[in-house]
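Which chain is which? The protein sequence lines are A and B, in order. In case it helps, my numbering puts the first sequence at residues 1 to 235. In case it helps, my numbering puts the second sequence at residues 1 to 235.
Be aware that a few hints might be false.
Stated by the list, open to error - If we take Cβ atoms under 7 Å as the criterion, some of the chain B residues that face chain A in the derived model are:
{"no.": "1", "residue": "64"}
{"no.": "2", "residue": "144"}
{"no.": "3", "residue": "152"}
{"no.": "4", "residue": "184"}
Hints in this document: simulated from the structure, not taken from any laboratory. What you are looking at is a predicted structure, and each value in this text was computed from that prediction instead of being measured. By construction, the Cβ of each residue, glycine as well, lies at the ideal position given by its N, Cα and C atoms.
Number of protein chains: 2
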Amino acid sequence: MRKVFTEELQFITDQLVELSRLSGAALRQATEALMDADLEKAESVISADQHIDAVRRDLDARAVDALARQQPVATDLRMLVTAMRMSADLERMGDLARHVAKVVRLRYPQRVLGESLTPTFARMAEVAQDLVTEAGRIIRENDVEAVHQLTITDDEMDDLHREVFRTLLSPDWDSGVEAAIDATLLSRYYERFGDHAVSVAHRIVYLVTGEWGDDHLDIDERLDVTEVRRPAHLG
Amino acid sequence: MRKVFTEELQFITDQLVELSRLSGAALRQATEALMDADLEKAESVISADQHIDAVRRDLDARAVDALARQQPVATDLRMLVTAMRMSADLERMGDLARHVAKVVRLRYPQRVLGESLTPTFARMAEVAQDLVTEAGRIIRENDVEAVHQLTITDDEMDDLHREVFRTLLSPDWDSGVEAAIDATLLSRYYERFGDHAVSVAHRIVYLVTGEWGDDHLDIDERLDVTEVRRPAHLG
């Protein structure tokens, strides 16, 4: 009985790692579609999101089933509750990748981004990839020590988000309101993707220690977009 | 023992209703601050969000505790799992109200919205209030029948979101890029507030029936912002 349960917990962990891989792959593809105005790739991200949703649904059903059958306590209980929370974050990251792809589809055959914003978004995508890859590794290895470094990596995402607003509000911006709306939403999608990766990692702290860290309050949104924009506004 | 557990479940339900009341009050206040450029009111929403976070944290801790002590199955188990999901939605709705308040603070003493957008946002706020009030009632009364109507009410929110983009992209828009960025983000906050209210209501369906409805896939985002924007773009 215990052996079956241990196997079930391992399966759930594996599926969380798989979800992080899938949402990372979705954002990588969506970014490629964004950079190349590649409609086919965008469509592929949009349809693949159903698979992410299905994996999440299956994972949650198994977690509820394990709660019902195994009546776990302590660490096992925390594991199952945490798994359901992490699956929600990871599935949402897939949604955000899909949102990026949908902006690409909306503007096709035009490119969404002009030259002034392309390098910033290219770097946002790299940081997002680092964050989700590291979050997956932290899940797999229960590596609580690495969580702090992840939040530092996410600080660069916030800097890049700020950089987008600086570009949009600079006197050189001549691409108009529609392009500014696209960039505002895209920037928010990448930044939120990073937030959820950080959130996943923080949940590992709860899983391992049973305590939320000091920054538990900030898990769902580490930095408000308005705070990001203040320097742009003042400068 | 059973009596204690029933009381605990009732307490958790009451706290969910309380969270819906708090997030609704936060958005109402944030909207008043938005309409009147009222810094004091905005600050009050921003600091009150900590209380919402605390209620949510307490609720989740009680739910985990009840899982550990009572080892519930069937409906009781679903109730506790669902409560944790609903608390995440409701807490996020409080965050979104806080985001609105932060935009007000960022632009103070200026008003964020010009005349052309004010009526649309006033109506968005009313719809949001209807949605969260109704979601609270659905939680209290387990009123599965009312969930469908709620999604219809939310359709108006999506129409209003579309209306914002139409205004921003019309030839009459003369308030510039920064005001367009503000309106884009604000509109997204109200629209997401509505999505989460619908999500809360849908979770009641799962709680009562044990099944996700047909539209379970759309719970987390009923309408992508890109789809909302398509007509504005084409027309």
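These are the hints, each one checked on the structure:
1. 64: Hint on residue 64 of chain B: holds, closest Cβ of chain A at ~6 Å, below 7 Å.
2. 144: 19 Å, violated
3. 152: 23 Å, violated
4. 184: 5 Å, holds
Checked against the numbered hints given earlier, the structure breaks hints 2 and 3 and satisfies all the rest.
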